[in-house]
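Just need the whole structure built from these sequences, with the hints factored in.
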Amino acid sequence: MNKASFRLYGKPMKLLRITKGKKVKEVANALDVSLPFITNCENGVRQLTEENTKKFLDFIEVSEEEAKEFCKIVGQ
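Last residue of the sequence shown? That's 75 in numbering that gives the first Met the number 0, and every number before it is there in order.
Any given hint could be a false lead.
Claimed, not checked - Restricting the straight-line Cα-Cα distance to at most 27 angstroms, the calculated cross-link-like pairs of lysine-lysine (BS3-like) are:
1. K13 - K71
2. K21 - K10
3. K13 - K53
4. K10 - K71
5. K24 - K67
6. K53 - K22
7. K53 - K24
8. K10 - K22
9. K10 - K24
10. K13 - K24
11. K21 - K71
12. K19 - K54
13. K19 - K53
14. K22 - K71
15. K13 - K67
16. K71 - K54
17. K19 - K71
18. K13 - K54
19. K24 - K54
20. K67 - K53
21. K22 - K67
22. K10 - K67
23. K53 - K21
24. K19 - K67
25. K10 - K54
26. K53 - K71
27. K54 - K67
28. K22 - K54
29. K54 - K21
30. K10 - K53
31. K67 - K21
Bear in mind the hints are in silico, worked out from the structure with no lab data behind them.
Okay, here's the thing in structure tokens:
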């Protein structure tokens with residue numbers, strides 16, 4: 000049975016970033032993507048890849064399980 004890939008975007012992504020005190024530019028640099036790409040992800044226009052979701056979570060020091068629970072709470 001394949002485990003569904005986890006991709007972060009929208010309100011949960013933005014709230015996690017803000018809660019951890021990170022700026023959009025810091026996240027963009029850590030993921031080696033553009034600042035507008037991160038903004039689009041946080042606005043729900045784009046989604047992080049599974050790989051970049053893992054990089055993002057490592058950068059903000061949140062486990063995938065914690066992020067999934069957070070997404071359930073805030074609605075993603």
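*Violated hints, by number in ascending order, as checked against the structure*: Violated hints: none at all, because every hint is consistent with the structure.
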